[in-house]
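Full structure from sequences and hints, please.
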Amino acid sequence: ALHCMEDFGAHTNYCELALRELGYRDVFPHCGANAEINIRGHHVYPLVTGTFGAVDFLHSVLGEATDHFTQTEVEEMDLALGGAQKAQQSGGGGDGQRGLFGSGSSGTDFAGLLAQIPGMGSGLASTARDLQAQSAAQEYQNSNQQTRASGNTFNAPPGSTGGPPGPGVPGMSPDFDAVATAKKIYPILEFRDKIVRAINNTIAKIPGLESLVERISETLTVFILSLLAPFVRPIIDAVSDSLKKGSSTVVEASANSQFEPWNDPRCTDPTHSMLSKDHFSNVLNSCAGRVAST
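Going by the numbering used here, the sequence shown opens with residue 1, and the numbers climb by one from there.
The set of hints was computed from the structure by calculation and includes no laboratory data.
Each hint should be verified, as a subset may be incorrect.
What the hints assert, rightly or not - No farther apart than 20 Å at their CA atoms in a straight line, the calculated lysine to aspartate or glutamate pairs in the DMTMM-like style are these:
1) K194 x E214
2) K184 x E139
3) K183 x E218
4) K86 x D237
5) K86 x E218
6) K194 x E218
7) K184 x D130
Shown next as C-alpha cells:
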C-alpha cells in the first residue's frame, strides 16, 4: 500500500493536473483534448493511471524507456542470468570460491538450507523446489522452440509481414504472451521477498542460526536469478537487435496505442510508458519524487 502511494505521483497524471490547477494551462494532461469532465461546474481532466501492455512490460523489465539502456547493459544482464543458471546447474562451480556465482551451492542445496529454518523451513523448501521445477520446464520449452527475432524492419504496419508483431513485444513470436510470462515471474519475486522478510523479522533474531542466515543470504541472489533466467533470457535475446535502435523505435512500432491521447480527443487511457515519470529524463521526475517523499 505504501509503495502504491509512493508511485502515485509518478504513475498517474496527478502532477500534470496539479500544475494545471496552479494556472499552468499548457501542461499536457495525458488525456484527449475533449476528455474534460464537469465537476460541480468546474471542467477538469480525469485522474488516470497508465495502461500496461506488452510494450510497457518490455520497458519495465529491461529498464529501457528514455534512460538509454545500452546494448552493453543488456548483454551484462544476460551474462548475469546465464552465470547464475550455470552456477545452479554445476553446484556453484565446485571450486569453493565465494562471490555471486561462487557460493558453492546448487538449487537442491539451497532448498536444503531453507529446510533447516525452524518452523517455516519445510514450506519454504517446498516452494523453492516447485519454482525450480517450473523454471526447468520453461528452460525445456525454450530449447524446443525458436525465440530469436526474425529481423523485423518496423517498416510495415504492426502485425503484418515484415512489420512489428502489433501489440506484442517487438522481436518476439506473435504467440508470446507478456502477461502470462509476468504471472510466472511474479511468484519468484514474491518468494525472494518472503525469504528476505523471514530473515529480517524472525530467523536473524534466533541465537545460533548466524551461519545458516549467512549461507542463505549468500546463495539467495544466485538462486533467484537462476529461476528467472529461462523466462527473461529469451526476451533479451529476441529484442537485443531492437534495443540497438533505441527505445524510440519501440515506441514508433506501437504508435497507435502510445500516442492515443494526442490522436483521440476523448482518450482517457494513456500508456504507462508515456505517462510514467520514473526516468530522470522526464521533466517531472523530481516533482513526482517530491510528491512521494512528502
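Right, here's what the structure says about each hint:
| no. | hint | result |
| --- | --- | --- |
| 1 | K194 x E214 | 16 Å, holds |
| 2 | K184 x E139 | 13 Å, holds |
| 3 | K183 x E218 | 27 Å, violated |
| 4 | K86 x D237 | 17 Å, holds |
| 5 | K86 x E218 | 16 Å, holds |
| 6 | K194 x E218 | 16 Å, holds |
| 7 | K184 x D130 | 12 Å, holds |
Hint 3 from the earlier list is the only one contradicted by this structure; the remaining hints agree with it.
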